[in-house]
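Residues per chain, in single letters:
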Amino acid sequence: MKLATHYNRASIFITILVLMSGALIYYFAIRQITRNQLDREIAEEIAERIDYVNRNGKIPKNDFDDNLTEFVKINSKDFTTRFFDTVYYTGSGKMPENRRAAAALITVAGQNYKLIITESYSGINNLVQIITLITVVLLIVLLLILLITNKYVLTSLWLPFYNILHELKTFNVADPKDFTSKPNRVDEFNELNTAVQIMASRVKNDYLHLKQFTENASHEMMTPLAVITTKLDTLIQDENLNADQYTQINDIYSAAAKLSRLNHALLLLVKIENNLVNDEEALNLQSLIMQKLQQFKELIAAKDITVLEVLKENRIVASKTLIDILLNNLFSNAIRHNIEHGKLLITLTNEKLVFENPGAAKPLDKDILFERFQKAPGSDGVGLGLTIVKNICQLYHWDISYNHQGSLHQFEIVFNKDIETVVKK
Amino acid sequence: MKLLIIEDEKSLCDNIFNYFNEEGNICESCNSLTTAIDKLSAYKYDCILLDIGLPDGDGFGVLDYLRENNRNEAVLIISARNSLNDKILGLNTGADDYITKPFHLAELKARVVATYRRKTFNTNNKLIFNEITINLLGRTVSVNDTAIILTRKEYDMLLYFIANKGKVISKNAIAEHMWGDEMDMHDNFDFIYTHIKNLRKKLLDAQCADYIKSIYGIGYKFIAE
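First to last, the sequence lines map onto chains A and B. Oh and the first sequence: position 392 is 407 in this note's numbering, straight run, nothing missing. Oh and the second sequence: position 126 is 458 in this note's numbering, straight run, nothing missing.
If you are wondering where the hints come from, they were derived from the structure by calculation, not from laboratory data. Remember, it's a predicted structure, so these values are computed and weren't measured experimentally. The beta carbon of each residue, even a glycine, is placed where N, CA and C say it ideally should be. Among these hints, one or two may not hold up.
Computed, partial: chain B to chain A, Cβ under 8 Å [said to hold, decoys possible]:
(1) R413
(2) L416
(3) H509
(4) F523
(5) A556
Derived pair list, reagent style EDC-like, types lysine to aspartate or glutamate, alpha-carbon separation capped at 20 Å [as the list claims (entries may be wrong)]:
(6) K503(B) / D253(A)
(7) K312(A) / D522(B)
(8) K533(B) / E313(A)
(9) K497(B) / E235(A)
(10) K419(B) / E230(A)
(11) K503(B) / E313(A)
(12) K246(A) / E354(B)
(13) K529(B) / E313(A)
(14) K485(B) / E313(A)
(15) K419(B) / E295(A)
(16) K273(A) / E439(B)
(17) K458(B) / D340(B)
(18) K246(A) / D488(B)
(19) K318(A) / E360(B)
(20) K545(B) / D339(A)
(21) K307(A) / D488(B)
(22) K246(A) / D522(B)
(23) K419(B) / E296(A)
(24) K335(A) / D418(B)
(25) K307(A) / E486(B)
(26) K419(B) / E203(A)
(27) K497(B) / D319(A)
(28) K503(B) / E254(A)
(29) K529(B) / D319(A)
(30) K246(A) / D346(B)
(31) K419(B) / D339(A)
(32) K534(B) / E313(A)
(33) K273(A) / D522(B)
(34) K485(B) / D319(A)
(35) K226(A) / D418(B)
(36) K286(A) / E439(B)
(37) K545(B) / E296(A)
(38) K503(B) / D259(A)
(39) K545(B) / E254(A)
(40) K342(B) / E235(A)
This is chain A alone, in the form it adopts within the complex:
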């Protein structure tokens, strides 16, 4: 739920609560005040009656006002004056009406009478109605004002916050451009802005250092590797070495070559992940695959693999270097993990590219397949081939997936061409 909604809820709830209790307090206070007023009036009326009786020595025939006055004969002498609420039926319809009444003892010519005077509450009722009306109108007006305030003031007030939030969401550590948030009149947001900017620049700095370190470390390793390789090249010129020593040298060769490939692969990954390969051009994937088939011809023939290719026209915009590497890795894997006299199915349509080949009986683990340094048992690779494939696909917003169908291992790249153009825009 949005902050404005939370705020709206709370303020509306509190407004209603305060206005309601205000209305209640009003109601009771005014009721009390008017009742006291009525009581005073009634007391006055009683005094008037008593005064009349004392002067004239008889019960008045006509009523003074529109108040109802009753005289009831009683025998009891000790009767204290009391005030009470009563219901009185008036008019032809005998409508019940709430009234205030007072009873007092009055003595006319030695006879005791109970004098009851009632007065209508209708005045108070009107008052309550007016109070209710004012409260309701006030409530509605207040709620409207609150809503409008929240909608416009609150939104514009929080705008810088949403700007910062947007920048944070789109924050990319590899992106060289800095935060662009402008200062605004709210101190808290300025503070937040500054804090975020400092944090972002620190993160970027750290990242840059790490990247440079990785790159430099990888490059620095190349020279010692070159020394190892060339030393071995020199060493084998000595023809007095025996077979066992040659085997040892061969192993060193392989290890050095592997290390160098690993280094190249890691550097390539750094480049792809940082989007540093930007020699994009229009490529005809169909002809590129044909070329690769030619290039891998001997390797395919050596394992007696039957290639079944269905290649349709497919043009993409990508880096030639990266697509070359992508195809190399897919071909290498499909050949390396293939069985003797196996087959290789390559399907290219405008939407997708599929490589299928038989191989190990068990399907590969989909979850870790594309992770770094995951390799098939017995594989001599460095375990980065599929990671590189996946990263290249990610770079161009293509989906790569692995399936095991029948006895075939299947790698499928979906090109998502409409998404690609949307992203480009």
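Once you have looked at the hints, place chain B on chain A.
Below, chain B without anything else, positioned relative to chain A:
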């Protein structure tokens, strides 16, 4: 061929020096940009091996010097960076080839020979080794004037062997040369065996001497007569 090796890593420099220093070649080496310029201002060379990362500035300075002085030495860049930008920059500023560390000496030799040959292509487009004649322009091979048909890989391999004649070449180096850097098929040596067997057979069938000698366990040697 007169060679200048500009490389600051001493042991690497020595190894290259020893590998290239044979009959018919004159090698010199230096290990900084300043000494390189000194040597270049005093002598002329046929080919220069240039490491880009030098202690007193990058090797592009050498290329600038050569260009400013209208020199036409063949230059092969040795770089620790497998970076396309460096490669393009190097080739645009006058280098003839670009090799990335680590490399095999045999590969370096083959590249140097090829680069030098390209530079002197106009005067000589035939490579003659005893009874073998290679027409570099038409990529054809003949033995004792009898043409033999080689596949592209066999042809490449023959050139590679002749460039490294008299040297033992490891299977690793051959594999890397044959399959390129990125094909990730270096563990597969069976193909080399097949290709070399075919090449040797074709040469022998044409009454060529048996130059390709297998060195058990490590690789091959093209015997120089």
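Evaluation of the provided hints:
1. This hint holds: R413(B) has a C-beta 6 Å from the nearest C-beta of chain A, less than the 8 Å allowed.
2. Given the 8 Å rule on beta carbons, the hint for L416(B) holds: about 7 Å separates it from the nearest Cβ of chain A.
3. Interface hint at H509(B): violated, since its Cβ lies 12 Å from the closest Cβ of chain A, which is beyond the 8 Å cut-off.
4. With a least beta-carbon distance of about 6 Å to chain A, the hint placing F523(B) at the interface is held under the 8 Å criterion.
5. For the restraint placing A556(B) at the interface with chain A, the shortest Cβ-Cβ distance is roughly 13 Å, beyond the 8 Å limit, so the hint is violated.
6. Restraint check for K503(B) and D253(A): the C-alpha separation of about 16 Å stays at or below 20 Å, so the hint holds.
7. Restraint check: the Cα-Cα separation between K312(A) and D522(B) comes to about 14 Å, which is no more than 20 Å; the hinted pair holds.
8. Only pairs whose Cα atoms come within 20 Å are accepted, and K533(B) paired with E313(A) is accepted, the gap being roughly 18 Å.
9. Of the supplied pair hints, the one linking K497(B) and E235(A) is violated, its CA atoms being roughly 32 Å apart against a limit of 20 Å.
10. Our distance criterion of 20 Å between C-alpha atoms is met by K419(B) and E230(A), whose separation comes to about 17 Å.
11. Restraint check for K503(B) and E313(A): satisfied, since their Cα atoms lie roughly 17 Å apart, inside the 20 Å limit.
12. A C-alpha spacing of about 17 Å is found between K246(A) and E354(B), which places the hinted pair at or below 20 Å, so the restraint holds.
13. Among the hinted pairs, K529(B) with E313(A) is consistent with the structure: their alpha-carbon atoms are about 14 Å apart, no more than 20 Å.
14. The straight-line distance between the Cα atoms of K485(B) and E313(A) is roughly 10 Å, inside the 20 Å bound, and the hint therefore holds.
15. Distance hint between K419(B) and E295(A) is fulfilled; the C-alpha atoms sit about 17 Å from each other, no more than 20 Å.
16. Restraint check: the Cα-Cα separation between K273(A) and E439(B) comes to about 17 Å, which is no more than 20 Å; the hinted pair holds.
17. With a C-alpha separation of about 36 Å, the suggested pair K458(B) and D340(B) falls outside the 20 Å cut-off, and the hint is violated.
18. A distance of roughly 25 Å separates the Cα atoms of K246(A) and D488(B); the hinted pair therefore is violated under the 20 Å criterion.
19. Distance hint between K318(A) and E360(B) is unfulfilled; the C-alpha atoms sit about 47 Å from each other, more than 20 Å.
20. This hinted pair does not check out: K545(B) and D339(A) have alpha carbons roughly 35 Å apart, beyond 20 Å.
21. Among the hinted pairs, K307(A) with D488(B) is consistent with the structure: their alpha-carbon atoms are about 18 Å apart, no more than 20 Å.
22. Between the alpha carbons of K246(A) and D522(B) the distance comes to roughly 25 Å, so the proposed pair goes past 20 Å and is violated.
23. Under the criterion of a C-alpha separation no larger than 20 Å, the hint pairing K419(B) with E296(A) is consistent with the structure, at around 19 Å.
24. Proximity of K335(A) to D418(B) is assessed by CA-CA distance (about 17 Å); at most 20 Å being required, the pair is judged to hold.
25. Taking the CA atoms of K307(A) and E486(B), the gap is near 19 Å; set against the 20 Å cutoff, the hint holds.
26. In summary, the hint linking K419(B) to E203(A) is not supported, as the alpha carbons are separated by about 51 Å, beyond the 20 Å threshold.
27. At most 20 Å may separate the alpha-carbon atoms for a hinted pair to count; K497(B) and D319(A) exceed this at roughly 34 Å.
28. Between the alpha carbons of K503(B) and E254(A) the distance comes to roughly 15 Å, so the proposed pair stays at or under 20 Å and holds.
29. The hinted pair formed by K529(B) and D319(A) meets the criterion: a straight-line CA distance of about 19 Å does not exceed 20 Å.
30. Pair hint K246(A) plus D346(B) holds up; C-alpha atoms about 10 Å apart against a cutoff of 20 Å.
31. With a C-alpha separation of about 17 Å, the suggested pair K419(B) and D339(A) falls inside the 20 Å cut-off, and the hint holds.
32. Annotation: proposed proximity of K534(B) to E313(A) holds, straight-line Cα distance about 18 Å (limit 20 Å).
33. A hinted pair counts as satisfied when its Cα atoms are at most 20 Å apart, and K273(A) with D522(B) qualifies at roughly 18 Å.
34. The hinted pair formed by K485(B) and D319(A) meets the criterion: a straight-line CA distance of about 19 Å does not exceed 20 Å.
35. For the hint linking K226(A) to D418(B), the alpha-carbon distance of about 18 Å falls within 20 Å, and the restraint holds.
36. Between the alpha carbons of K286(A) and E439(B) the distance comes to roughly 27 Å, so the proposed pair goes past 20 Å and is violated.
37. Taking the CA atoms of K545(B) and E296(A), the gap is about 46 Å. The hint is violated against a cut of 20 Å.
38. Proposed proximity of K503(B) and D259(A) is supported: the alpha carbons are some 16 Å apart, at most 20 Å.
39. For the hint pairing K545(B) with E254(A), the CA-to-CA distance comes to about 12 Å; that is within 20 Å, so the pair holds.
40. Taking the CA atoms of K342(B) and E235(A), the gap is near 15 Å; set against the 20 Å cutoff, the hint holds.
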